[in-house]
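Can you build the whole structure from these sequences, using the hints too?
Here's the letter readout for the chains.
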Amino acid sequence: MAGEATISKELIAQLIEGTIDDDNTNRLQRLPRKDQDRFLNYVAVLQSRVSWPDQILLRLGDRLYVVRNASNQRVVKCDCGHEFGDYRQNWKLGCKVRVRRTLAEMRKVYDPAPACPEPGWQEVREFFCPHCATQHAVEVVAPGYPVVFEMLPDLDKFYREYLGQPLPDEAEDWYVDRTEHLTRHWAANATG
Amino acid sequence: MAVVSERVARSAKKTSTIPTLRQMVAERDRLTQDTGHYCGISELSLRDADPIRYERFYNKLHAAVLAARESARVVAASPGSREMGECLWGITTPEGDTLAVSMGFLSHTAIFPVAIRYMADNDYDVNDGIEDGDVYAVSDGKTGGVPHPGDFYSFTSICHEGEVVGWAVGINHLMENGAPVAGSWATFSVDTFMDGLVCPPMRTGRKLRQESWWKAIWERRTRASTMNILDDKMRLAGCAMINNAAHELLAEFGAEYYKRAIREVIEESRRMIVDNMRALMVPGTYNGCAFRLVKYEGLQNVWSHANKNTLIHVRASVEPNENGLMLDTEGSSRWGYHSYNATPGGADAAVFLGMINSFAHNTKVTAGIELAVQRHYAVGSIYNPDYEFTSNANLWAQTVALNSIGFNAVSRATFSRGYLEEAFTVDGNWGAFQGAGTTADGTSYGFTNFEWLGGTGRGAWCYKDGEPLVWAAWSQIATIGDAEEFEACVPPLFYLGRKLLPGYFGYGKYRGGPGNSAVHWCVEPGKHVALTRPNGGLSCTTSVGLGMSGGYPGPGSFMISARGTNLPDLIAEGETPRDARELLAQVDSGQLTVENLEIWKTDCPELALHDHDLFVDAAGSSGGWGDPLDRNPALVIQDLNDGVAPDYDFVSRMHGVVAAQNPDGEWVLDAAATREKRAALRKARLDDSLPAAEWWQQERAKVLAKDVVPEVHEMYSQSLSFAKFDGEFRRFWQLPADFSFSKE
Amino acid sequence: MSDNSATATDDRQFILAFDAGGTMTDAILVKPDGSFTVGKSISRREDEPRSYRESVTDAASNLGLTAEEVHARCGADIYCGTGMLNTVLTGNGRKVGLMVTRGFEDITVMEGGLSYLGQSQNETLHQQLHRHTRPLVDSKNVFGISERLGGGCYQGNIHLPPGAALIPVNEKQVVKAVNAMVDRGCEVIGILFLFSFVDARHEHQAKAIAERVLRERGVSLPVVCSADVAPVSKENNRLKSLLFQCFAAELVRDSLMSVETQAKAYGYQGRLLTLLSYGGAVNMEYERLYETMISGPIGGLIGAQFIGEKLGIPNIVTADMGGTSFDVGLIVENRLAITKSADIAGHRLALQMVELDSVGSGAGSVVWVDEYKRLHVGPDSAGAKVGVCLNFDRLTVTDINVVMGYVDPDYFLGGQVKLDRDKALAALEEAVAKPLGLSVYEAGAGVLDIVNTQMNDLLRTMIAAKGYDTHDFTLLYYGGAGPVHMYGYAEGIEFADVITLPWAAGFSAFGAACAEYMHRYSRGLRTLIPNGLNEAEQTDIARQIRSAWEGLEADARTEMQHEGVDPGKVTFRYGVAARYIGQLESFDTSLDNGEMNGPADLQRLIDAFEEMYTKVYPDGARFPDAGYSLTAVHLEAIAPKPQPILAEHPLSPAEPDATAFVGSREVYHAGQWTTFNVYEMANLKAGNVVQGPAIIRDPMTTVVVPPGRTMSFDKYRVLHYK
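Residue numbers (my numbering), protein chains in the order written: chain A, 1 to 192; chain B, 1 to 744; chain C, 1 to 722.
Hints were generated in silico from the structure; no laboratory data involved.
These numbers were taken from a predicted model, which means no experiment stands behind them.
It is possible that part of the hints are untrue.
What the hints assert, rightly or not - With a Cα cut of at most 25 angstroms, we get these calculated DSS-like pairs of lysine-lysine:
1) A:K108 x B:K464
2) A:K92 x A:K108
3) B:K215 x C:K615
4) B:K464 x B:K677
5) B:K683 x A:K92
6) C:K140 x B:K464
As the list claims (entries may be wrong) - Which bits of chain B does chain C cover? Going by a derived footprint, with three or more residues having C-beta under 8 angstroms, they are:
7) 354-362
8) 515-526
Claimed, not checked - Quick list of the computed label-pair ranges, beta carbon to beta carbon:
9) A:Q36 x C:E611: 58 to 66 angstroms
10) B:R30 x A:E172: 33 to 41 angstroms
11) B:I18 x C:P653: 55 to 63 angstroms
We treat Cβ as the ideally placed atom computed from N, Cα and C, and that holds for glycine.
Following this line, the structure appears as structure tokens:
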């Protein structure tokens, strides 16, 4: 019976905005089974909040989505409208990158001083939207570490098998990491 | 003599009718493998025929283990067991698969089948037989799957008409387990022979009673025998209660019902867990990483092969599938001559934490999770060593990061799926200290203070800040115990502070819950007192490698030793330091003078303390969520005024917030200046950064030149020895075929 | 003096007892012959004296008396309630200022990390549900004071002794803090220093300084020390006790005093009493009033203890089934079993509390089935709305009892309310029968089986978890729904006896009338009894214990005298908290007398400890080699107070009078429709034996006697089930 619960779009909007009160949060967390139609309501609320018309297929981050754009491609898109390209390529490689390597640089983001990661063993990478400068991701990793592809969704499977609403443009190769297309291209232009 | 002949007789009988443990385990494996259902249970016939009787059966089973803990734990001597989540009781199938668990650090059930498999493979039940109420001690990682020897297990057999029908198991975290490094995490072990009291499954008692010789082991092989003996009695007391309850159930429901029901229970929960995964996740591949530094160089002169630093690489991907999900750790470091190695069982104990939390909380907590969560631990890796004598003494210091990676994958999934109420940043960042001493009158003692293992701040939610000291990823009952109890366990150490550490968390649109910090003051140590400190995630690396949605990962834990101080002066002023932050400020201002001040961002070797020396720690911090420039300025002001984030210059720069103090010292927001500052900081971001393509060219050049510190070089040489990460690395940096990190 | 005494003179033999619940305030008026009558009124938090007035007037009218007449002849007036708990739950308490040991300023926010209290295991597993309880003090009103005392160590006397001075109390900081608290409008000041349970001198020193500052500033605020409120180990629990006292108790005290004023206005000449969470009654001036937090449920347990003493039953397990929960308590050897850390409303207190456990299945519990074909009962409850059969929108346990014929829809509350069986039937079909693919009556039987099994298991585990054997216990059941389900939850457990009373529905209030006037005192101790002490050393220890008891005896006499009791009439019970050296948890061990002069007495104490310990744990858990450690001495001080008498009746024949027989009714029981004879409780006499299948009806409850079973009334009209 609890499985039939439907959560209002208002409440979902409050979750997105961070204005939801704890009683409601608690109630949602205690649902014996989650409301089945949450995703579609969630996407509907998100769609109503963005400035562009492209259909949201999945939300990747606070201000980052996989959308089907005007030219019918599945691309990663920022709130501000900037497109990061094919969602099968790690969108971080479409960002601007700032790296904190020294203790002085790391001290600006970790507090108190002994909490700072150790230079040489670690560096802090910040990934910005080239257009609106939103910080979409942070990595604290060893120097030389490949940029991590945080999540490659299997959208066809999700929409067909999990939601029962297959996408019109299903294809074999939608669930393939295409990041190397980019790095191979870069390597070709490698200077020296 | 009677006993012997009896056992021989039964061994004979076994060959005829009763299956051996080895046969039962093989049958379980075969049926599960072939059908995809636990033990081939495709129909829940008992449940469907009479759901009410079935639930009644399980309620009784469950009630028995819950009651065992509540009643037995007060026998304990160690605060970790009695006050905190550091103990557990469970009941299993004959093959060691969990049916029900008490409160406590529940994921330890992962090792039960490992130990039973070892007993089965080695014919424990044939020679010299297993009878009802036999007591087995288990603390070995290789043969028992035990995470680390500090976690000590008591298995007691439940037999019906000569056949093993189950096991009652009790576990708790010892205060001292007799290693060269005193305490319960032998941080500087280089192999299992330095891990302290390590027991492959061995019988220590019969008829629910320990044999006399067993007491001598605690007295001669550990430094806290009274505590350990009482904890041993505690585990046994609980097992005895469970054993009795099992026999009552066998009498009431009959052996046939019992044997079928215990398998249906596991299959039923497996199904619900798989359904839960499908209901909450988005299919795809989720990647995560973390790092943990082992600083042995210069400390292991005696064992030269271990005398080097290691940067442990923890790498995992999560991929939902038809049978649940697959967690693949390939690419993580190889095992090493240090105390941070895991075994598959130990790794499971960590991995299942987040999985049970996320997918098993609305069903029966059984071995079902072990079928739904498939794991790949590459042979030769730190999770599945191909050397049989690795040390596991301090594996939790890195396996908690593995759990965080898996748990964060679930957070990312629930965020994308729209179940935002469940999504938060997961960190695994704990601390404790341990040691030994001898008082002036010559009394020796060993100790462990578990307090910061008992609870941590919670990472930021995707819609609000994380809370302070509200959970512990490794135990569902966060409790730090009481200063009055821990202080009484360590004669010469006294608390000068036990509080939250301001500013100590990962920043973001929403911040993590602040971590904890304590100040311990040494008074009249007598002949000697010294301590070391194991930690989950020390601050030379962050708890996990990836922040959530633009937030910063939580900082690691650290310690400060201040030896040779003018503390009496501060006592006179009533201004003794209360936490790590305040201590450092007092040192800077010259108010506190210290002859030997050391800040430990890696494990500290044994620190001997004298009168008025201070040992200060910080742990339990957690990460942020979202872009710090998106944080509501009002929350920044609130944190300033509440002292949660007290450094104005720091937060002003972090969040682009401008404020001024009014005459009452209260911070007040300057909204206009804040808007300008945020615009300027966004511009600076673009000015100070490079397009990924350019950055990639620069970094690639360094990689080709192997322009990294030796620890990082070593890390890559290990991780690239596994094909999966090697491929990713080469593809990402587009490296020539002959490129290699391995030393020529 | 005697006018102000709780002990009555002969012409004052009425006893009044009240249970001021969330919705109703019940009054029990006990006459000298032990018989009693009930009065009711709506509970009014904002005007408790009015609820008291209406309730007592209602009860008195049943006897054709006025409230004044009753009070004039009243020897004891006991008032239980939930006001204090309500204050904590709603957060409308006093504004507290708190002084803590420097470095512990965040303790109220951290609260030891306890963020799961009151959750089921499944809830605790889902850690997103973990939450801190709303603090009872604004963290801006918490001030650190530089001071430190040592507490000694578990290893024994190998380092600084307990109470060793490490850092003196910083007077300047206390003065500054108190001034700040006054400026910030604090209404009460609490003090919590580490190890004050071992030595209170630093807390008391800070209190003295604070009171001096308050005098100088001409304000009067109560200053409360943790050592005076809860002198036991574990600062986190001690803090919560201190905060409950400061935040809630001092506030509620005023309201209770106003009720007492009302009672006195009616001519009552004694003191208004309330119940302690570990049994016993105290008046409203009791210093640690927060200990009366759960006075309500305590009533039932005290009633059970009273019945046990009257009938010579030492071990009783109580089963109280009301609308929302099923509560089980233990009486062991005529004592209330006590637990040390009480979890209330998300707080863990350092409070002695009776062993009370409950499951959320009551008569009003909602019944539902999830899509995994799993049947759930509760935790939601219809409360006063009863169920679909009255005016609730979801199926409840009562609905099913009506459908199955156990409960007469036309005799609910004696027929004042009519229940709709047809609606209940339809709801059962819809919510349970269809989803489970069962016939409606199978479904109903299944639900009742689940409910009964949950209660049955709680009964078993409550006894088993303590290591006791049900054969040594008598089950005493009560509460409105208790007798309806007894046949089920008592099923398959072999008790020494299974009993209830005609007034089962109002038993808790009756129990309150039975409470003895008792205070419990404890004093921390750190005394070791290693093996192989010589006679002189043993004698020395014995004397330490004796003098500790004497100290408590003196405190008790003074305090009770202050409460208006004649010190000469105070009697004592003795006990200690002991453990094996090295253990953290102490075990309360009661002794049959307070003799403690030498080795023989000390040995008696050790034997008592071992006997108690082996009752709970397998032999393998004993550890005499370690030696023993005494961590506290206990004292119970008892003052005389009139008690209700359980009236004896002449025995009638086993066969009930024709007047007792009301008729018969069809009940779906044990898988088939069966004709049950129906009897009227009021007309059944001592000596009568009712043969099952039968139902004994009463305006307040229904006693179900299944086929093959009997219910026999003894000379006290206690109902025995066989």
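Exercise. Take the C-alpha atoms of K464 of chain B and K677 of chain B, compute the straight-line distance between them, and say whether it is at most 25 angstroms.
Key: At roughly 23 angstroms apart (the allowed maximum being 25 angstroms), K677 of chain B and K464 of chain B satisfy the hint.
Quiz prompt | Range hint 33 to 41 angstroms (beta carbons of R30 of chain B and E172 of chain A) holds or violated | solution = 35 angstroms, holds
Exercise. Sort out whether K615 of chain C lies within 25 angstroms of K215 of chain B, counting only the CA atoms.
Key: 23 angstroms, holds
Exercise. Below or equal to 25 angstroms on CA atoms is what counts here, so check K92 of chain A against K108 of chain A.
Key: 22 angstroms, holds
Exercise. Examine the segment 515-526 of chain B for residues whose CB is less than 8 angstroms from any CB of chain C, and state whether their number is three or more.
Key: As far as the segment 515-526 of chain B goes, the hint holds, because 5 residues have Cβ atoms under 8 angstroms from chain C.
Quiz item: Do the Cβ positions of I18 of chain B and P653 of chain C conform to the proposed distance bound of 55 to 63 angstroms?
Solution: 60 angstroms Cβ-Cβ, so the 55 to 63 angstroms window holds.
Practice problem: With a cut-off of 25 angstroms on the C-alpha distance, tell me whether K140 of chain C and K464 of chain B pass. | Solution: 22 angstroms, holds
Quiz item: Are at least 3 residues of the segment 354-362 of chain B within less than 8 angstroms of chain C when you compare beta carbons?
Solution: holds (count 5)
Quiz item: That 58 to 66 angstroms hint for Q36 of chain A and E611 of chain C (C-beta), does it hold up?
Solution: Between Q36 of chain A and E611 of chain C, where Cβ atoms are some 59 angstroms apart, the hint holds.
Quiz item: Hey, K683 of chain B versus K92 of chain A, does the alpha-carbon distance stay inside 25 angstroms?
Solution: 19 angstroms, holds
Exercise. Assess, step by step, whether the Cα of K108 of chain A is no farther than 25 angstroms from the Cα of K464 of chain B, and give holds or violated.
Key: With a Cα-Cα distance of about 23 angstroms, the restraint between K108 of chain A and K464 of chain B holds, given a limit of 25 angstroms.
The structure meets every hint from the earlier list without exception.
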